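Protein chains: 2
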Amino acid sequence: MKKLIVASTSTVHGSGYLEYILPTLEQHFKGISEILFIPFARPGGISYDGYTEKAKEAFEKIGIAVKGIHEFDSAKDAVKQAQGIFTGGGNTFELVNQLYKHDIVEVLKEVLQSGTPYLGTSAGSNICGVTMMNTNDMPIVYPPSFDTLGMIAFNINAHYLDPDPSSTHMGETRETRIKEYHVFNETAVLGLREGSWLEVSGESIVLKGELTARLFKPSTEPIELESNTEVSI
Amino acid sequence: MKKLIVASTSTVHGSGYLEYILPTLEQHFKGISEILFIPFARPGGISYDGYTEKAKEAFEKIGIAVKGIHEFDSAKDAVKQAQGIFTGGGNTFELVNQLYKHDIVEVLKEVLQSGTPYLGTSAGSNICGVTMMNTNDMPIVYPPSFDTLGMIAFNINAHYLDPDPSSTHMGETRETRIKEYHVFNETAVLGLREGSWLEVSGESIVLKGELTARLFKPSTEPIELESNTEVSI
Numbered sequence: 516m517k518k519l520i521v522a523s524t525s526t527v528h529g530s531g532y533l534e535y536i537l538p539t540l541e542q543h544f545k546g547i548s549e550i551l552f553i554p555f556a557r558p559g560g561i562s563y564d565g566y567t568e569k570a571k572e573a574f575e576k577i578g579i580a581v582k583g584i585h586e587f588d589s590a591k592d593a594v595k596q597a598q599g600i601f602t603g604g605g606n607t608f609e610l611v612n613q614l615y616k617h618d619i620v621e622v623l624k625e626v627l628q629s630g631t632p633y634l635g636t637s638a639g640s641n642i643c644g645v646t647m648m649n650t651n652d653m654p655i656v657y658p659p660s661f662d663t664l665g666m667i668a669f670n671i672n673a674h675y676l677d678p679d680p681s682s683t684h685m686g687e688t689r690e691t692r693i694k695e696y697h698v699f700n701e702t703a704v705l706g707l708r709e710g711s712w713l714e715v716s717g718e719s720i721v722l723k724g725e726l727t728a729r730l731f732k733p734s735t736e737p738i739e740l741e742s743n744t745e746v747s748i
Numbered sequence: 516m517k518k519l520i521v522a523s524t525s526t527v528h529g530s531g532y533l534e535y536i537l538p539t540l541e542q543h544f545k546g547i548s549e550i551l552f553i554p555f556a557r558p559g560g561i562s563y564d565g566y567t568e569k570a571k572e573a574f575e576k577i578g579i580a581v582k583g584i585h586e587f588d589s590a591k592d593a594v595k596q597a598q599g600i601f602t603g604g605g606n607t608f609e610l611v612n613q614l615y616k617h618d619i620v621e622v623l624k625e626v627l628q629s630g631t632p633y634l635g636t637s638a639g640s641n642i643c644g645v646t647m648m649n650t651n652d653m654p655i656v657y658p659p660s661f662d663t664l665g666m667i668a669f670n671i672n673a674h675y676l677d678p679d680p681s682s683t684h685m686g687e688t689r690e691t692r693i694k695e696y697h698v699f700n701e702t703a704v705l706g707l708r709e710g711s712w713l714e715v716s717g718e719s720i721v722l723k724g725e726l727t728a729r730l731f732k733p734s735t736e737p738i739e740l741e742s743n744t745e746v747s748i
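These protein sequence lines are chains V and G, in that order.
FYI, the numbering for the first sequence is 516 to 748, going by the numbering used here.
FYI, the numbering for the second sequence is 516 to 748, going by the numbering used here.
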């Protein structure tokens, strides 16, 4: 039975890395002594070791050890044997690129489907969707596909931002971008604001955190979903 | 001899479509009665006809007719025979996807190299670079390649935005994204602010408009280029 936390961000403004969500993670990873960290998204170009160290420091506070997937001889075996998995944020294109390069897309689907507890933040949440097509990231590498894990039946737009009515900038708003997406695609998109996350438990998907989330479907007006309710598309 | 205008945006705040740059375009397309419009980027999902109409209305003011590439039987012949070409902004992924689908990447390179006057705005400027890897757009479709026209030896980041020191949003700044790009790539990137454009004339590339532009190269601090000076990487 799937057991996932799909979080918009690792960090909310004015708080430490993963700090806002640590009490939730303590429950989520209960009974687990070590989790596997996937540092492939490399925010700011940080090294795998440097990024894993950052995850270690956060999880130490709830008594859980962290090992980076790059420390294993076989990435595939590491995923298969993991007690729990955390994929950190950064660049979604590079993350997806490395998932394919290490040939762990299928094995990730299998273990997540069978119940290995998973945490994704930002890019790590994006890959839980059907495709990575609603990432906000820059296409700095060309991955072999935009298809991702499909653990939820919709896509995630992390760090969702409402339009700023005072802006004079002519770049597209987030909402416009997602509406453009729906000219070409049918899959629903959930705009998750910073501080929001999804608790996926089997087929149940509940929105958590203090904010509402914005659900986009083709040819209909977006709707705001309340916190602590089921996300049903 | 190349003759290109590579503009950050079609529209500056508080002004009509292409209005700020019309006097420049009047010179740029002097002696030309009709230009070919490439509407593939479809901003907001607008139809090819609707988008072409918009371009028509703007160019009418300087006495130039506009015909959409979709109105021709052969896109390739349309490019070959064009007196001038304008590629509008919108979604860069879909634009590049359609350039490959219509098999006009090579013929565009040829005619631009031979001197067909070209205007690009936003996504239409992005494709003048070596790759589309510094677009701000959402990857709503999967193009067969990120390689673009390479009419200039660097990439363009259009609608360049300086970091907002008052922001509490944890998404990456534009500068962070470009720095992440340089962890994986060597090609320089020019951040063109709205209202700025490049005048490319043969091997000369001059920054125009009132603002400076920000040039990013691997392993060095970004530098601000002055307006009315040569862009040399």
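If you are wondering where the hints come from, they were derived from the structure by calculation, not from laboratory data.
Predicted, not measured: the structure shown is a model, and the values here were computed from it.
Check each hint, because a few of them may be wrong.
Because identical chains share one entry, a pair is satisfied inside a single copy or across any pair of copies.
Taking lysine-lysine and the DSBU-like style, the derived pairs with C-alpha atoms no more than 30 Å apart in a straight line are [claimed, not checked]:
1. Lys694 with Lys571
2. Lys732 with Lys582
3. Lys582 with Lys694
4. Lys694 with Lys545
5. Lys732 with Lys576
6. Lys616 with Lys723
7. Lys569 with Lys582
8. Lys569 with Lys732
9. Lys694 with Lys569
10. Lys732 with Lys545
11. Lys571 with Lys517
12. Lys571 with Lys732
13. Lys517 with Lys569
14. Lys582 with Lys624
15. Lys616 with Lys576
16. Lys591 with Lys732
17. Lys545 with Lys571
Structure-based check of each hint:
1. For the homomeric pair Lys694 and Lys571, the shortest alpha-carbon distance between copies (25 Å) is at most 30 Å, but the shortest distance inside one copy (38 Å) is not.
2. Within a single copy, Lys732 and Lys582 get their C-alpha atoms no closer than 38 Å, and across copies no closer than 34 Å, so neither meets the 30 Å cut-off.
3. Taking CA atoms no more than 30 Å apart as the test, Lys582 paired with Lys694 passes between copies only; the shortest distance there is 27 Å, against 39 Å inside one copy.
4. In this assembly of identical chains, the alpha carbons of Lys694 and Lys545 never lie at most 30 Å apart, being 39 Å within a copy and 38 Å across copies at closest.
5. For the homomeric pair Lys732 and Lys576, neither the shortest alpha-carbon distance inside one copy (39 Å) nor that between copies (39 Å) is at most 30 Å.
6. For the identical chains of this complex, Lys616 and Lys723 are neighbours neither inside a copy (33 Å) nor across copies (42 Å), given an alpha-carbon limit of 30 Å.
7. Taking the shortest Cα distances, Lys569 and Lys582 sit within 30 Å of each other inside one copy (11 Å), while across copies they are farther apart (55 Å).
8. Proximity of Lys569 to Lys732 under the C-alpha cut-off of 30 Å is restricted to the inter-copy arrangement: shortest distance 28 Å between copies versus 36 Å within a copy.
9. In the homo-oligomer, the alpha carbons of Lys694 and Lys569 lie at most 30 Å apart only across protomers (20 Å), although the nearest pairing inside one protomer, at 36 Å, exceeds that limit.
10. In the homo-oligomer, the alpha carbons of Lys732 and Lys545 never lie at most 30 Å apart, since the shortest distance is 35 Å inside one protomer and 46 Å across protomers.
11. In this assembly of identical chains, Lys571 and Lys517 lie within 30 Å of each other by CA distance solely inside one copy; the values are 24 Å within and 54 Å between copies.
12. For a Cα distance limit of 30 Å, the shortest separation of Lys571 from Lys732 qualifies neither inside one copy, at 38 Å, nor across copies, at 32 Å.
13. Proximity of Lys517 and Lys569 under a CA criterion of 30 Å is satisfied intra-copy only: 26 Å inside one chain copy versus 49 Å between copies.
14. Proximity of Lys582 and Lys624 under a CA criterion of 30 Å is satisfied intra-copy only: 20 Å inside one chain copy versus 48 Å between copies.
15. In this assembly of identical chains, the alpha carbons of Lys616 and Lys576 never lie at most 30 Å apart, being 32 Å within a copy and 52 Å across copies at closest.
16. Within a single copy, Lys591 and Lys732 get their C-alpha atoms no closer than 35 Å, and across copies no closer than 36 Å, so neither meets the 30 Å cut-off.
17. With identical chains, the CA atoms of Lys545 and Lys571 are at most 30 Å apart within one copy only, with a shortest distance of 16 Å there and 63 Å across copies.
Consistency note: the structure conflicts with the earlier hints numbered 2, 4, 5, 6, 10, 12, 15, 16.
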